[in-house]
Amino acid sequence: MKKSSIKQKAGTILLPAVGFVAILVIWWLLVSFTRIGLLLPTPLEVLKRFIYFLGNPIGKAFTLPMHLLISLRRVLTGFCIASVAGIIVGISMGRFKPIEAIVRPIFELVRPIPGVAWIPLAIVWFGIGETAKTFIIFMGGFVNIVVNTYAGARHVDERLMGVAYMLGASKIQAFFRVVLPSCVPYIFAGMQVGLSTCWMAVLAAEMVSSFEGVGWVIIAGQDINDMAQIFVGIIAIAVMGLLLAAFMRFMERILCRWRERGA
Amino acid sequence: MSRKAVIECKHVSKTFYTLSGDHLVVDDLNFTVYENEFVVLFGPGQCGKTTVLNLITGLELPTKGEIIVAGEKVTGPSPKRGMVYQTTNLFMWYNVMKNVEFGPSVRGISKKERRKKAQHYIDLVGLTGFEKHYPVQLSGGMQQRVGIARAYCNEPDIICMDEPFGHLDAQTRYLMEKEVERISSQEKRTVVFVTNNVEEAIYLADRIILLRNLPTSVKKEYTVDLPRPRNYVSPEFLALREEITRDMDPTL
Amino acid sequence: MAEPIVKVRNLTKSFGDLLVLDDVSFDVQKGEFLCIVGPTGCGKTTFLNSLTKLYNIDSGSITINGKDIDLRQNNIAYIFQEYSAMEWLTVEQNIMYGLKIKHVDKDIIRQRVENVMEIVGLTKYRNFYPRQLSASMLQRVVIARAFAVEPELLLMDEPYGQLDLQLKYHLEDELIKLWQKTGTTVIFITHNIEEAVYLSDRILVLTNKPTKIKKSIPNNLPRPRKISDPEFVKLRNEVTDLIKWW
Ligand SMILES: Nc1ncnc2c1ncn2[C@@H]1O[C@H](COP(=O)(O)OP(=O)(O)OP(=O)(O)O)[C@@H](O)[C@H]1O
Ligand SMILES: Nc1ncnc2c1ncn2[C@@H]1O[C@H](COP(=O)(O)OP(=O)(O)OP(=O)(O)O)[C@@H](O)[C@H]1O
Ligand SMILES: [Mg+2]
Ligand SMILES: [Mg+2]
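Chains as they are written, first to last, in this note's numbering: chain A, 1 to 263; chain B, 1 to 252; chain C, 1 to 246.
One chain only, chain A, in its complex shape (with noise of 0.2 angstroms):
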């Protein structure tokens, strides 16, 4: 093996651990001999709590696993609209004056209203309904997302364009051939920061109107004053945005494969 690669190896799965361990002992420490206690449970409880969730319902009907699943589904659905919709507004805003003209002031404008902002609206407008969580994960996702995509559209080396033209390329080609692959890891840096915010948005939506998904096993250990439910609510949520995030960094190298140097 190579003595770069161990230190690299090393340097991505050893030193995060030494972190996560020490903020296992601090805990169990501080539980264990403080009056912390009263306000936590040790870890040992609640991975035994969680272990038992995953067979067994939380509330009424739902184990943690298909708590999780509900969220994610919400997730995704806000998520991919956003991104449809984001993707399409920040390219045409970047590529075409006009609609740009009218589009970005209103853009402007919504752009700085925080994502949960949109709760007490959806609600008003929707109702307590799936849709009403849909829109606002939406909301919580496309801002990102179209920020990005304008910003990579409006970067497009224009003296690019000219070589796809002067190589017969039509409109339509240039923009999938030319276009689009240059905006691929602004739309990516997005769409990341976008899954961030609509994994944030699902359990804001969930703990004010909801009875199933993680933002409710939260709230309803809050409500009966379960700390170990709360906990394995949090981490739940930790985890699968873990491997959401882990997730995107895969699908970029793959679609980004070109911006790969090799050192």
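DEER-style ranges, computed between Cβ atoms:
1. C/G16 with B/H120: 25 to 31 angstroms
2. B/K64 with A/I99: 28 to 34 angstroms
3. A/K97 with B/L61: 17 to 23 angstroms
4. A/F250 with B/D249: 55 to 61 angstroms
5. A/T63 with C/K67: 55 to 61 angstroms
Simulated from the structure, these hints should not be mistaken for lab results.
Everything numeric in this text was worked out from a predicted model, so none of it was measured.
Each residue gets a CB set at the ideal place from its N, CA and C atoms; glycine is no exception.
Based on the hints, put chains B and C with the ligands in the right spot on chain A.
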């Protein structure tokens, strides 16, 4: 002469309007390039050679005057006029093969046929074995050769080459010069070639157009009718080299 | 000349299956002007990138002054083969950049920047942005930026490829002047053999991939050199013969 004119530059001027003021780069430029002719544009650094090529290919439009190519006024890029760039302008998201076959592919030529053609040009520029590499994985000289292959593979009637061999080593450069000469004499194409190397200019050109320093226009023209392939150290060659070097404006 | 400034030992580097540098070892003495010539794609840029830690190497070692290279501590300037001017800065700001991040005194910055802008002939274009420059001007911006920091080690990857002859001669002489004045060590990559013979103390000739050192040729011609000098022509032909690969 009864030769057919393919590129006519008529009183062309180009000004770049920048925040730090107007920048007149081309001032009343006039020249004609005839069919199947190999013309070299030669001039001191930064005199506007790239700008002239951009005007011919339609990437930039003249501020004044007009450029007529094959009877039509240039209003934008067209596949009839190909360009090899000074700085590499590759599609970074396509591998070597896809870059080279870009032209035939957007024109709907069948995969088998365009692969064959692209492979021919890839072999020609000595990149066999690197078809699947992305541009970031190539050395500077290799990237430049991909650009050459891409332009040739599109088979334009007119090909503009902007210092295409700047990043090549002496041998590869020599081979590419021979290759350009062979292709342009065999396949009969009109070539407008920019270089800052006098020897390369005389080796390749039917005619050399010497440009003035900024703002540029034609200073002098030389018809080179030495027999091909030319000998770098023949007395006529050296005499012409001497003459052109003497006539050229200083860069700074 | 006692301790070499750069020591390369058994350097091996490959990209996937492609073996590029194959067990290469050499030294560069302090204050030496080393030219490296070799066929296109043989790994010259790869070597400089490994030296500056942009690439990881497979095995072997590269040290500077006996230590691992530290880009912040060692005063190194690297002129990349591709254009590396910063698009959002003007010509003048680009040239100043290197000095600013090194916290050089303001007056010295002013003076040096004016000086190098004059040398590369860009004083008139100080407020232009990179996009508004021709290829040779861009190249000169990067050269000026490197000259301005008066580095201890100057790495140049085909810096003069796009320049016309006059400018090239001019900047070659300026480089020699700077080198003699500051005693910097220069590693200069070029395809132009005449240039290599004109500039160098020693020429390293590389082979085709997988790359090894074909020969290290000392160049003791007296300076200033003349390209028509028979000794010069002889050396030039010697190098040319070495890198013929057909
Ligand atoms: N987009 C632009 N905006 C402003 N000025 C420009 C622009 N493009 C080119 N110029 C100016 O036009 C002049 C000529 O540039 P050009 O690239 O045509 O030179 P060149 O002859 O190709 O030089 P080189 O040999 O360095 O490639 C330069 O002074 C440059 O600053
Ligand atoms: N990031 C990379 N990933 C994969 N292969 C690479 C990478 N960089 C360089 N190579 C390969 O390594 C070889 C050497 O490249 P390098 O850029 O060092 O050549 P060079 O000697 O500088 O050539 P040139 O004179 O053309 O600039 C080439 O075959 C190239 O394809
Ligand atoms: Mg140019
Ligand atoms: Mg290189």
